[in-house]
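Turn these sequences into a full structure, and let the hints steer you where they fit.
Chain by chain, the residues run as shown.
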Amino acid sequence: MGNPQTGWTDVGRLGRLGRLGRLGRLGRLASIASMTTLLTLTAGCVDASEIETASAVRPVSVEDWRDEIIYQIFVDRFADGDPNNNFNVDLTAKGSYHGGDWQGIIDKLDYLEALGVTTLWISPVVKNLESDAGFGSYHGYWTQNFLEVNPHFGDLAKLRELVDACHARNVKVILDIVTNHIGQLFYYDINGNGQPDDFFIGGGGQAYGSENTDFTTNITRTSEWDPDYDSRGVQAFTSLGESGPSPVEWVFTPEINRIPPEPPEFANPQWYNRRGRVTVWRYEQEACQYITGLADPGYWWDVPECRDYIREQEIRGDFPGGLKDLDTTRQDVRDALFRVFAYWIETANFDGFRIDTLKHVEHEFWQDFCPRIRRRAKELGKDNFFMFGEAFDGHDELLGSYTGNDQVDSVFYFSQKYQVYEGVFIYGSSTSQMEDLFDDRQVNYPDTANVDGPTDAQGNPASPRSLLVNFIDNHDVGRFRYQYNDLRAHHNALFYLLTQDGIPCIYYGTEQGFNGGNDPANREDLWTSGYDEGYPTFRFIAALTSLRKRIAPLRRGDFVVRWSSVAPSDSGADDAGIFAFERTYDGQTVLVVLNASHNDTSTAAGLTTSFSAGATLANQLCNEDETTGWAAHECTPGEGETFTVGADGTLDITVPPRTGLILMEEGT
Amino acid sequence: MKAPKSILTLLTLWTCSVGAAVATAQPADPARTTDPARTADPARTTDPARTTDPARTADPARTTDPARPGERPAIDSARARAAKPTRPATARPATASKPGPSTGTTPADTPAKQSQDASPGGHGKKPTSVKDTGFGFGSYGRVGISTDGQGGPGQQLNLAAHGPRLGEGPYLELDLYYRMRPYRDVRVKTVVTLAFTEQLFHFDGDWASGLALRNLYLEGQDLFVRGLSVWVGSRMYRGDDIYLLDFWPLDNLNTVGGGVSYAFGRTKLGWHLGVNRLADQYQYQEVAVPGLNNTSEIVVLLNRQRMITSLKGEQAFGGKNGKLGGKLKLYGEYHFLPAGTLDAHLPAQEQEHLSADHGWLAGLQAGLWNFGPRSHVNLFLRYAQGLAAYGEFAIPFGLATDKRAANARELLMAVSGNFELKRWFGVQFGGYVRYFKDADPNEYDWDDGWEYVAVVRPHVYLHKLFAVAFELSYQARNPAGLNPWTHQAESPGVTKLAVMPLLTFGKGNYARPQLRLIYMLVHQNESARMSYNPEDPRRDLKVGHYIGFQAEWWFNSTYR
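Keeping their order, the protein sequence lines are chains W and D.
Under the working numbering, think of the first position of the first sequence as 17, with each following residue one higher.
Under the working numbering, think of the first position of the second sequence as 296, with each following residue one higher.
Just so you know, the hints here were simulated from the structure itself, not pulled from any lab data.
Built from N, CA and C at the ideal position, the CB exists for glycine as well.
Negatives, chain W to chain D, calculated, CB over 12 Å:
{"hint": "1", "residue": "Ala130"}
{"hint": "2", "residue": "Tyr224"}
{"hint": "3", "residue": "Gly225"}
{"hint": "4", "residue": "Pro313"}
{"hint": "5", "residue": "Asp422"}
{"hint": "6", "residue": "Pro536"}
Sample of chain W residues facing chain D (criterion: CB under 8 Å; computed from the structure):
{"hint": "7", "residue": "Val62"}
{"hint": "8", "residue": "Ala64"}
{"hint": "9", "residue": "Ile67"}
{"hint": "10", "residue": "Glu68"}
{"hint": "11", "residue": "Gly97"}
{"hint": "12", "residue": "Pro99"}
{"hint": "13", "residue": "Asn100"}
{"hint": "14", "residue": "Leu107"}
{"hint": "15", "residue": "Thr108"}
{"hint": "16", "residue": "Asp171"}
{"hint": "17", "residue": "Leu172"}
{"hint": "18", "residue": "Ala173"}
{"hint": "19", "residue": "Lys174"}
{"hint": "20", "residue": "Glu177"}
What follows is the structure, given as structure tokens:
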């Protein structure tokens, strides 16, 4: 066994260092040859069986998921560490592969460590349909083979190496999985001619020959790749009328890996709902009018008939783009999905799953899938396996409905993204909206943990309510700086993200001030930034992650709102934009006060705290000025502004716009 | 006797690698052994003569799937795919063609040298038909048919970079040369060698043939002083081979260039400088750009030549009058490739910078002959680094992030030989151990690792025209990465046993022409089978049969 860390370079170095003399008896020529040979052989004996199984990969323990700071990596766009897998790369097309890979992540672990993130969520690893309609599958969400790796990113050994390298730094790795659908691997042969046809009919209504009565938009799609939703199942028809369920035809185009799915059981057409694509998105209200026959049925979410219809489409319909929806009500489908995703824990030692399209799968599936995954993870020694899902929806009630009760442990806090990070930090809504959402959380999210679910540092079950994954933006929405290209506002939002309760999740490129719009513009190549660790946002995040690690209440503390303002930001009210909360853990309390106003300095006068009278509170995060790019740093002793708690336990605190204070009692 | 000791040392060291392979195989599956060379041999990657071999084109390591690690030839797989040698016109066998006399002798370019050197260790008769002046003709060829016993063609089922040659497809070289003496003490020869790959009209009904102009050079000999030669042109420039593997383990360059050699006494020195510029986007790109009158015109945007220079020195000892002879040869190469830009006509973001690159190779060869009739043995040791670790016809793959090959390494130790008893028995043998590591930083890489080949072919001569030969070979690979199909650490191995009744026209194992009837039994271990694409029928072939007959000849070859 050679020393893989040493490799050939050191062999050469050793050769030059003149150890040849030891073999002098053999003659100079023989010595050189022999020594070179010996060193060569020693360095070359890499034993591939070392990486053959995940058991070879270093284990890692998660003490408390609330300690974690997740960093979302879009593998194709993060770092290109191996040019040899750059096939079908087109840097000029945002919708094509750009060359990022797992080696690139390994190469940049120092960068990530400097940023202070502790968990990486990497985009899907499985083999995809290579391209469709001119777009590449760089994102990884077009599964073709559930059990093979995407060769654009490396091989299985490299994936294990990545996880191993992360674990060596106590960095966890979360895998992005998709259970709802596969890539566009079959078409509906609606007219029976044995080829995929595309034609469109403007003006809405039924396609000639079709009797589909489901809601449709003003364009009726009869693309055989991606036909409109039909609650009866996509029907075959010609101009002479319908002829029953449309046949499903798998495609065999190996040059783009458009071949039937693997494992082969997934090639069973019965395993798919075959109802066509969801058509109601962005037309929910119109759909509700169509369904009820009322001009003003009320907000669709509040009309059970409408909500049920729309949810049914979301759950049974193909994901737009022709991503074929698995019939996850079938037990054999559930079993197969369990097997293929358990495989990745077994194979690559992942520490958790980020689950795509959560709301497109019925609750019962999650109640089957999640407990089995937890049990399997436990069998593999992963006592704190974490599963959180993406329900791309602003309805807090819907998000919460997928957590607990044997479902996922957490969700992306989309309702907060819209109501707080957009509503307050971009659009200047009142900070009372933040408090309202926090109050809703107590209703919408269970306080009871899943059986075998995550635990806290004391081993107590951690409930979904305490584990929400907070985020400002991600790969499916325009970046914060696209919506509002203001560095201070962005930092203000990041300040809240990294001080509030729950688990912060930072989208790659945030630290470099990326400002891409919606998909695919928000999937920039990080290497264009030069991985600048001096960029103000990088330094701002690094300072906050450092504080979060140092100050336990910022990670594990409870969350008590101490101040919110009903006045919109910059409205002229004294406390406009002020939001204050306390977090206490293990007898230590932190008071966080921020001002979300764009321009106005605001004051929280008589702010109630839990600190004793006379206590001196010192600010821990020192904001910097324009000359340093509005970054921040951890205050050095004596540097941070101090406040003395009044006799009644209150404080008067004035906060400049777009800044915040992290106050702790001096000496703690 | 320092040299023999060093040889012993090297042979001892070989056991490390063999031991490592065994140790690797044990924990997982003793039946397994591994495999990089079918993907990792850079020379094979671009050797058109091999890629057009029907038995090899379907080799899983040779698929055009860019995801296959071993088949990613270069910088950008998209480009590399376009650059793959799919055109027969580019077929220029680097190692596939000639049998090579494996002599251990020095070349016999002059009658004087022939009489001096050709006697020892050589495998065949002296080229008595080569005339001092005038036109000449020589040829190497092989042709035959085979079946797998079920109606399909027989298959070689090799997995190593240079597996046993038995079962190779048709190939022909036609040597045409003209020798003249412009002065009494100065000689000049012009050599043209046409080579045809395996497309035979009578087999595929297609008039097209893979034709290459390989040798096209002029050489002046005994210039100014006796033994000094200068040549210029396109030339197969090579030394001794391992006949049974169709492999030149030390020096084998195919370039367009020139060189100087000087032979004095038993010493010979040679220097050569040549270039190639392969027709792929690693070295060459032409694009259509707007021209006058609303038309387009073709411009060459990338045109970087690989410059290769080599130096060799050879000293022979003894060997005269049937006495034991020997030689020692030192050899070196330096490769250089200038920088270039792909898609230089496009905006900067769409261009791809190809770094300048270089590499070197050093090796030695020791040979003995006359320890038996027509007997010889050669030992080879070669180490290459950087660009030189990839053959001159290779598009380097597994590059570093700077798209250079600087970290690539190859170590090769080989042996070849022939031993004959006077009348009735002779044995040829050969083998090598090779380690290859590409330039990328992957610690676990299917492209990297060891491979081993050993082959022995005994002959029993029953009549002056009739003999029976047997061939036993074993080849194995021990890759440093996981099999991309099975995700297991594997050690593929292939064992072959062949019996060949021969009609042979001449004495000795190297006598040609030869007509053979071949039956070959091939066993692939599970790992070898799992190296193929799951759709490849060879994946199910635990035991294969090769039944065929073949003719092979060579005479008056000018290949040196």
